[in-house]
Structures are given as structure tokens and as C-alpha cells.
Amino acid sequence: MVSLRWVYEQGVSLVPKSFNKERMRQNLQIFDWSLTQEESHKINQLPQRKGITLAHALGPLDWVLELDADL
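Note that the sequence shown ends on residue 682 in this note's numbering; no numbers are left out.
Incorrect hints may appear among the rest.
As the list claims (entries may be wrong) - Computed list of lysine to aspartate or glutamate pairs in EDC-like fashion (alpha-carbon distance at most 20 Å, straight line):
1. K628 x E650
2. K661 x E620
3. K632 x D643
It is worth saying that the hints were derived from the structure and are not from the lab.
Generate coordinates for the entire structure from the input sequences, incorporating the hints supplied.
Put into C-alpha cells, the structure is as follows:
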């Protein structure tokens, strides 16, 4: 839940996928609290990798991109 909340606080739209009703309920709980400034700062200090998925007739293509954080 912390990672979902962090993404939400970054202003990014997210659509978590789950067919488990309990997990869906848990995912909705990210709106009931927020990270402290210290928690956000610690998470922001973690090395980040960005990934993309492209749809292709032969199946999805996944890449993990190591980009400069300023991009």
C-alpha cells in the first residue's frame, strides 16, 4: 500500500490490477492516509528504474529503462 500511496502522491494516475476483493478493498485505503514528509523523502532517495510495456501482435514487450531522474 505504501508504494501505491507514493505513486498517487506523485500525481500519477494508477490502475492497480486485482481480482481479489480483499486486495481491492485494501487498495482503496490509500486515500485514508498520507505519507509524512520524512517517509516521502526516504522513498525519493531510493534508486528508481522506469519501465514501459508495449502491446505487440507477438505479445507484450517489456523494457526497464535506466533514465536520468530529471527526464
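Query raised in the report: Given the hint that K632 pairs with D643, does the C-alpha gap stay at or below 20 Å?
Result: With a Cα-Cα distance of about 18 Å, the restraint between K632 and D643 holds, given a limit of 20 Å.
Item checked: Satisfaction of hint between E650 and K628, Cα-Cα up to 20 Å -> Not satisfied, since the Cα-Cα distance of roughly 25 Å exceeds 20 Å.
Check your understanding: Can the restraint linking K661 and E620 be considered satisfied, given a maximum Cα separation of 20 Å?
Key -> holds (17 Å)
Hint compliance for this structure: hint 1 alone is broken.
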